[in-house]
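Heads up: the protein sequence lines correspond to chains A, B and C, in order.
Under the working numbering, residues 19 to 306 are what the first sequence spells out, in order.
Under the working numbering, residues 1305 to 1673 are what the second sequence spells out, in order.
Under the working numbering, residues 613 to 857 are what the third sequence spells out, in order.
Hints in this document: simulated from the structure, not taken from any laboratory.
Some hints here could point you the wrong way.
Stretch by stretch, here's where chain A covers chain B in the computed footprint (C-beta under 8 angstroms, at least three residues) [said to hold, decoys possible]:
no., segment
1, 1373-1384
2, 1405-1412
3, 1417-1423
4, 1540-1546
5, 1565-1573
6, 1579-1587
Beta-carbon label-pair distances, calculated as ranges [said to hold, decoys possible]:
no., chain 1, residue 1, chain 2, residue 2, range
7, B, Ala-1615, C, Ile-698, 47 to 57 angstroms
8, C, Asn-816, A, Ala-172, 52 to 62 angstroms
9, B, Asn-1442, C, Arg-686, 46 to 56 angstroms
10, A, Met-130, B, Ser-1462, 53 to 63 angstroms
The C-beta atom is built at its ideal place from N, Cα and C for all residues, glycine as well.
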Amino acid sequence: MTLWLTLAVNSIAFGGLLFLLSAGFSLIFGLMRIPNLMHGSFFMLGAYFGVTLMLPAVGANFWIAALASGLAMALIGGAIERFLLRRLAGKELAQVLLTLGLSFIVSDLCLMIWTGDPWQPASPAELRGVVRAGGMIFPLYRLAVVAIAIVVAAALWVMVDWTRLGAMIRAGVDDAPMARVVGIRVSRLFTLVFALGAALAAFAGVVGAPILSVYPGLDSDMLPLALIVVILGGTGSLLGALVGSFVIGFLYNFGQAQFPDLAYVILFLPMLLVLVLRPQGLFGKGAS
Amino acid sequence: MKASSTPRAAVVAALLALMTVPLWVGNSYYVDVASQILLFAVFALALNVLAGYAGLVSLGHAGLFAISGYTAALMLQAGFPHATAAAGAVLATLVTSAVFAVLALRATGIGFLMITLALGQTLWGIAYRWVNLTNGDNGVNIAARPAPFGISLAGAPSFYYATLVVFLLALAAMAAFDRSPFGASLRGTRDQARRMTALGYNVWLIRFLAFLFSGFWCSVAGLLYLYNKQFISPQVSALQASAEVLLMVISGGTATLLGPVAGAAIVVIMKYVVSAYVVRWNLVLGVIFVAIISFMPEGLVPGSVRIWGFARRRFFALPRRRGTVREGAQPQARCGPTGPLAGSAPQPPDQVWGGEGKDSRKPSPGAPP
Amino acid sequence: MTALTVTGLTKSFGGLRVTNGVDLAVEPGERRLIIGPNGAGKTTLFNLITGELASDAGKIVLFGQDITRAPCRRRAHLGLARTYQIITLFPRDTILRNVVLALLGLSGLRWNPVVDLARQRHLTVRAREALALVGLDRVADRPLTETSYGERRRVEIAMAMVQNPKVLLLDEPFAGLSIDERRDVRQLLAAIPPDVTIVMIEHNMDVALDFADRITLLHFGEVIVEGTRAEVVADPRTREVYLGE
């Protein structure tokens, strides 16, 4: 019983991380139709930035490191969008290959700079304890990750559904040419959303580092997960990304515990089901 | 670059050159490199069926390549004879291709690419994580290469000749396919899928069969790889491997018969040369991708020609050759660059995951607002 | 038996009813003209008939056979062919290859991965004949990129004709053509064998009035008037919705 509950908490925490990662991926793919194969690299690079900032030599606080890493990645992501991807507007295959090429470069550079050994920062001191409730023990940090994911989800929801910026993003997702016609500067919006997605991924990387650690190959571990979440939830749908993240979070953790050999395959099963039964994703817009 | 338009003398010369490789190369290390070029050429030709002729770019092909190699390796380890193992490998790859096709053909364009990527990663996950079956990261060894008709393939030259025979078979099959009605049908589904349906073609089935055809040659290439290395590890199923073979197809020029072959030669040689000097092949691979896309969106070979021409005009002030664009060519049918990187037709947002089935029944451009 | 019967055909995009209970009965060999202002649902009606769009309700019968649920490709094999208002040809091929593809679509040969398509004489000969009918046989080997708009319109018609259709749907075959080219196309249509049933959409009424036996006027997805040319022209509702008086 305790084992299952622990697993459930871990699953929810992992789901929260996945949401931070895939919300941006979903928005980028949904709004700009850019299949950003660097998204896993943003996650990994962000995590490396974070652990570097937390080194005693720099000595940044965990949360400052996470925010700074997100900010740095927003700048990098924005620059990539503005100077490389923008020139390839509409050429999806070229965008795929460019982001794929960049992800290879990033992974090799990370290997050169941070070596092949995994880095695992300690979780912030104030969250190292456990919560006891009803005779059970929950690691505080994982609960905090869930809380962060919920706060970010709420903030994104408010932003997309309630603000002017969100209205413009929704207009862009629904019909980019029409959005342009009504005077929305879609290109600036693109840069913004891309930077936001990159920042969220990097932030998730730092927040996830105490749980997952940072290691070479983390990027190609995370990218398919983001991909499945989005296929599952439907492109451009925040709710879909949220539900998809928790579904995958549960499957990943329970699969790992029950069928460690096949954990990775189990992960893909819901995606296969969705593709066969509802290709637009659980919360994607139906083909009218 | 159709075989029929290539001068006969060139074909004979190329054949002679290929047949005498072990004689003038000498060193068995380089003969082995030549074998690898040929087997990766078979792999690239297989991917070209989809990425080139069908316009469906797959990033999961390394998975198909790997499933063939792994099936054969594991069957050999279990004591099956070579012929059975090879047949099993081809069968397993065909079944996997069918599953891939059914799932990935729910979409076209970028959706197709994403789904194949996810499926390829699933196979990577099996190869890497299902340690009891695949021995994980340590890979699987096989004791010996097969000896078809009693001929030993243990030496580099004999293996080269066996690979050459298979390569020529693959090339012949592709040449026939390229000119065949089915090849024309497949290209038609790439250029005007909806029109093809209205003309009475079963677009889905055409794509499905093309996927199987591609899968078959992937399995052949995977077998050759296993025999060549006598070893297979999860690396061959990684995303990098899929990207590499895609680079072969793109660099040589898609939807041509010989482009993927040239591309395979370029990439394999480059990989060997680079690996001799730097450890970071992935970095180089990434830089090549970014450079191709930024500077030569039409492909490596045509791109080099263009940049060379530009450099000549710019720096040697040679007269510019006159364009041969005719008047009256309307912008209606977009015929511009037909390279793989040329923009695909813009799709309405909800079509990304939508397949050719009922989802493609979208309002036509002529539909009322 | 009618050639093509459409009953209660309905299609909505979102909340908009684009085709609203359309009834149509076209006799074998008839020349039917469908007119209506922009956005009347004419092309959508064609897409529903060919199966490129799935209808929400209604029934489509082709020579006594209910094809409402038949997939688009099946309808082509049953003798339904069409041209497109917005030209959708195969841009990387020659004119001849475009027409050969249309022929191949109905031939079992289309699945053959071995033989050389260029050597299938029965296909190329028939394709060239069809191109001769539309006056393009001399430029048959020209890449499509090097053809004019008027030539492409004629390729569209050749592709539809080569399929030997029982019912031919023409979607604004005169759109964007010069006066000379219009005359050519009109002669071309007049030369189509009389047993082929033709349904033609035309936005501009004056262009094609003399072509039709009967005329159907569509407006906001509904049939407003149907009758002979004289009846439709004389009908006050036609003037109201279409002639803008």
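For each hint, the structure was consulted:
no., hint, result
1, 1373-1384, "violated (count 0)"
2, 1405-1412, "holds (count 4)"
3, 1417-1423, "holds (count 6)"
4, 1540-1546, "holds (count 3)"
5, 1565-1573, "violated (count 0)"
6, 1579-1587, "holds (count 3)"
7, Ala-1615/B with Ile-698/C: 47 to 57 angstroms, "violated, 41 angstroms"
8, Asn-816/C with Ala-172/A: 52 to 62 angstroms, "holds, 56 angstroms"
9, Asn-1442/B with Arg-686/C: 46 to 56 angstroms, "holds, 53 angstroms"
10, Met-130/A with Ser-1462/B: 53 to 63 angstroms, "violated, 41 angstroms"
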